[in-house]
Amino acid sequence: MAETAPVSITDFDTLVAEGAAVPLQGWDFSWLHGRASEERAPWGYAGLLADRMARAGAALDVDTGGGEVLAGIPRAPRLLVATEAWPPNVEVARRTLRKLGAGVVAVADRPPLPFRDAAFDLVTSRHPVHTWWPEIARVLRPGGRYLSQQIGAGTVRELSEALVGPRRGRETQTPQWALAAAGAAGLRVVDLRTATLRTVFHDIAAVVYFLRKVVWTVPDFTVDRYRPQLRRLHERIEAEGAFVAHARRFLVEAVKPG
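When we follow the numbering used here, the leftmost residue of the sequence shown carries the number 120, and every step to the right adds one.
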């Protein structure tokens, strides 16, 4: 999401209807251009992905979405496969990744992955919903590696709390959790970095679209269920000019011992 000036529409019902009508296929957030922005993580995941893919012979991208991020690599491995669990994204990904000669496999959102043991020397995933560490270790060859940019615990907490109030409970999606889970699966973490990224919403349409698309932010979100909270947030945005939250990300790279 690029940093740009906000749009000028201010009517609450018009904005909510606009955000509720946008199709959700793929993992392309370009509709938010001019409505919302998010800082990029300093490590440059796209560049790291391109580098690792250029050196791989057989690679798997898990939870590829619409294939938009993977499609940016300049050089594909000899064998490239992507998986996606949300049915509307599968055909989008197949069209997007056709130019790379990549196969796209529709999968369930739980193990096992439909591949033989030690099938890949690289597994990647950007913003996976779940990371099935034992499965990643299983499909990696000895000496292979896993590269992932993950959504950290408490990401855009300010937004979720604006709708549902303060949340309590143990947070598991942390770098420390990833380190322990990777080790338990037999992988050795060689890189682990964290970042907190400023995320700005300029209108309530952007909030509605974001909550519909990034469903884990408020899992039971619908416009009708949260209309009073959305109206209060709209009034806050109108008064303050924007709503600011903070996304949390971490990069993890792990190797399967040879």
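Treat the hints as calculated values from the structure; they're not laboratory data.
One thing to keep in mind: the hints can contain errors.
[Said to hold, decoys possible] DEER-style ranges, computed between Cβ atoms:
#1 Gly-176 with Pro-253: 19 to 25 Å
#2 Pro-347 with Ala-169: 25 to 31 Å
#3 Arg-197 with Glu-290: 38 to 44 Å
#4 Val-141 with Pro-193: 29 to 35 Å
#5 Gln-348 with Thr-291: 41 to 47 Å
#6 Asp-343 with Asp-130: 15 to 21 Å
#7 Arg-287 with Asp-130: 34 to 40 Å
#8 Arg-260 with Thr-315: 32 to 38 Å
#9 Arg-307 with Gly-153: 42 to 48 Å
#10 Lys-218 with Gly-166: 26 to 32 Å
Quick reminder that beta carbons are idealized off the backbone N, C-alpha and C, glycines included.
Problem - Ascending list of hint numbers which this structure does not respect - result: 2, 5, 10
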